[in-house]
Amino acid sequence: MTKRSLSSIIVLLFVLCLIVSGCGKSSKSKKKEKEKENGAIDITIQDEEFYAIITKGSGNAYNDHIIEGFKAIIDDAGKQTFVYQPEKGTAKEQIRVVRELIENKVSCIAIAPVDADALDSVLQDAIDADIPVISFDTPANPDSRLLDVNESGTEEIAETLIEAVRDVSGGQGYWAIVSSFSTSANQNAWIAAMRELSEDDKYKGLGLVEIAYGDDDYHKSYDQTISLLKKYPDLKVICAPTTIGIQAAAAAVKDTGKPVKVVGLGLPSEMAEYVSKGDICPYIYMWNPNYLGQMTAYVSMAFGNRKITGEEGEQLLVDNHQIYEVRKASDEGTEVIVGNPFRFDKSNIDEWKSVY
Numbered sequence: 116m117t118k119r120s121l122s123s124i125i126v127l128l129f130v131l132c133l134i135v136s137g138c139g140k141s142s143k144s145k146k147k148e149k150e151k152e153n154g155a156i157d158i159t160i161q162d163e164e165f166y167a168i169i170t171k172g173s174g175n176a177y178n179d180h181i182i183e184g185f186k187a188i189i190d191d192a193g194k195q196t197f198v199y200q201p202e203k204g205t206a207k208e209q210i211r212v213v214r215e216l217i218e219n220k221v222s223c224i225a226i227a228p229v230d231a232d233a234l235d236s237v238l239q240d241a242i243d244a245d246i247p248v249i250s251f252d253t254p255a256n257p258d259s260r261l262l263d264v265n266e267s268g269t270e271e272i273a274e275t276l277i278e279a280v281r282d283v284s285g286g287q288g289y290w291a292i293v294s295s296f297s298t299s300a301n302q303n304a305w306i307a308a309m310r311e312l313s314e315d316d317k318y319k320g321l322g323l324v325e326i327a328y329g330d331d332d333y334h335k336s337y338d339q340t341i342s343l344l345k346k347y348p349d350l351k352v353i354c355a356p357t358t359i360g361i362q363a364a365a366a367a368v369k370d371t372g373k374p375v376k377v378v379g380l381g382l383p384s385e386m387a388e389y390v391s392k393g394d395i396c397p398y399i400y401m402w403n404p405n406y407l408g409q410m411t412a413y414v415s416m417a418f419g420n421r422k423i424t425g426e427e428g429e430q431l432l433v434d435n436h437q438i439y440e441v442r443k444a445s446d447e448g449t450e451v452i453v454g455n456p457f458r459f460d461k462s463n464i465d466e467w468k469s470v471y
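Oh and the sequence shown: position 190 is 305 in our numbering, straight run, nothing missing.
Please note that the accuracy of each hint is not assured.
Derived DSSO-like pairs: lysine-lysine, alpha-carbon spacing no greater than 27 Å straight-line [claimed, not checked]: (1) K468 to K373; (2) K373 to K392; (3) K392 to K468; (4) K369 to K351; (5) K319 to K345; (6) K207 to K186; (7) K345 to K335; (8) K317 to K351; (9) K186 to K422; (10) K373 to K335; (11) K335 to K468; (12) K335 to K207; (13) K319 to K346; (14) K468 to K369; (15) K207 to K220; (16) K186 to K468; (17) K422 to K220; (18) K351 to K319; (19) K392 to K351; (20) K186 to K203; (21) K335 to K346.
Calculated directly from the structure, the hints in this document are not laboratory data.
Given the sequences, and given the hints that come with them, work out the whole structure.
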């Protein structure tokens with residue numbers, strides 16, 4: 116891949132409720148601009164390869180690391196990127212942007228759908244318009260994506276989390292879950308797999324009392340945790356398979372002084388203060404979101420250049436010389452797996468907290 120200086124990379128900005136300014140014009144540029152009642156979009160395409168990535172929301176360090184990894188690979192290839200992080204984290208916002216991207220004939224759309232069912236129709240429209248659609252972080256429905264870039268296998272994550280609950284509880288007691296959105300496909304798949312695993316005899320001493328949803332909002336997740344602590348005085352463990360949820364849950368337990376353990380998926384940089392002490396959160400699990408963003412970029416470019424179709428058995432060789440194989444996903448679509456969750460505890464949290 117040919118490198119270009121960062122100053123030559125065109126950064127595309129989507130601005131809601133503001134006038135878009137500062138984008139230069141060129142005779143070689145194809146520019147489409149549509150003014151709407153509640154905002155404007157300005158997409159200037161100066162390269163035949165133009166890659167879009169849409170997260171579930173803004174104000175989330177996890178998503179920021181994904182974007183960082185995605186842009187690094189696309190920029191290094193000398194191609195254009197369009198990044199959109201919905202301010203309110205709604206499917207309506209995502210749908211609007213996808214429609215604009217279809218009109219502008221982008222090379223590939225990578226999306227983490229807030230609500231896979233709500234996005235189903237517009238993503239199918241994109242595919243029908245010969246625009247590859249892939250999902251990451253949380254899968255789009257199989258019929259509205261060509262491939263899912265899965266951070267880790269559903270069963271692997273579920274087993275890791277239920278084992279953590281068993282470990283910190285001593286195999287006995289009540290536990291609860293603080294999830295993100297009730298419509299989040301990845302969270303729901305992990306939770307369903309955890310519940311199925313919990314029927315095994317080794318988990319018979321555990322009782323799941325409630326699943327609360329914080330909508331990937333810190334304050335709502337905090338309030339949901341407080342509610343759980345009041346409602347279930349004998350609660351022993353809270354499992355939060357979401358980076359915002361686990362941070363909020365740990366803070367709520369700390370503030371109330373309840374003897375409850377918190378486990379789940381978190382960023383070392385955000386959970387170091389709890390993990391280093393170990394009293395509330397003995398350890399967390401997480402993959403590298405930057406790697407997830409990089410893999411999403413590699414897959415996007417492979418589709419943009421028509422190198423892969425998303426069929427089971429296809430292989431993708433990336434720059435680190437690692438081969439990733441397309442496999443059948445649990446929802447009957449296809450996926451590539453980035454890697455397994457990594458454990459962060461007292462022994463290694465300090466060396467990782469400055470990384471992500």
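Going through the hints against the structure:
Proposed proximity of K468 and K373 is supported: the alpha carbons are some 26 Å apart, at most 27 Å. Of the pairs offered as hints, the one joining K373 and K392 holds, with about 16 Å between alpha carbons and a cut-off of 27 Å not exceeded. Pair hint K392 plus K468 holds up; C-alpha atoms about 14 Å apart against a cutoff of 27 Å. With a C-alpha separation of about 14 Å, the suggested pairing of K369 with K351 holds against the 27 Å cut-off.
Taking the CA atoms of K319 and K345, the gap is near 24 Å; set against the 27 Å cutoff, the hint holds. The hinted pair formed by K207 and K186 meets the criterion: a straight-line CA distance of about 25 Å does not exceed 27 Å. Using a Cα cut-off of 27 Å, the hinted pair K345 and K335 holds, with the two alpha carbons roughly 15 Å apart. For the hint pairing K317 with K351, the CA-to-CA distance comes to about 17 Å; that is within 27 Å, so the pair holds.
With a CA separation close to 20 Å, the supplied pair K186 and K422 stays within the 27 Å bound. This hinted pair checks out: K373 and K335 have alpha carbons roughly 19 Å apart, not beyond 27 Å. Of the supplied pair hints, the one linking K335 and K468 holds, its CA atoms being roughly 25 Å apart against a limit of 27 Å. Straight-line distance between C-alpha atoms of K335 and K207 comes to about 21 Å, which keeps the hinted pair within the 27 Å bound.
For the proposed pair K319 and K346, the alpha carbon gap of about 22 Å is at most 27 Å, so the pair holds. A hinted pair counts as satisfied when its Cα atoms are at most 27 Å apart, and K468 with K369 qualifies at roughly 20 Å. Between K207 and K220 the CA atoms are separated by roughly 20 Å; this keeps the pair inside 27 Å, and the hint holds. Straight-line distance between C-alpha atoms of K186 and K468 comes to about 22 Å, which keeps the hinted pair within the 27 Å bound.
Between K422 and K220 the alpha-carbon distance is near 18 Å, which keeps this suggested pair within the 27 Å criterion. Taking the CA atoms of K351 and K319, the gap is about 15 Å. The hint holds against a cut of 27 Å. The straight-line distance between the Cα atoms of K392 and K351 is roughly 18 Å, inside the 27 Å bound, and the hint therefore holds. Under the criterion of a C-alpha separation no larger than 27 Å, the hint pairing K186 with K203 is consistent with the structure, at around 23 Å.
For a cut-off of 27 Å, the pair hint linking K335 to K346 stands: about 16 Å separates their Cα positions.
In summary, the structure agrees with every hint in the numbered list given earlier.
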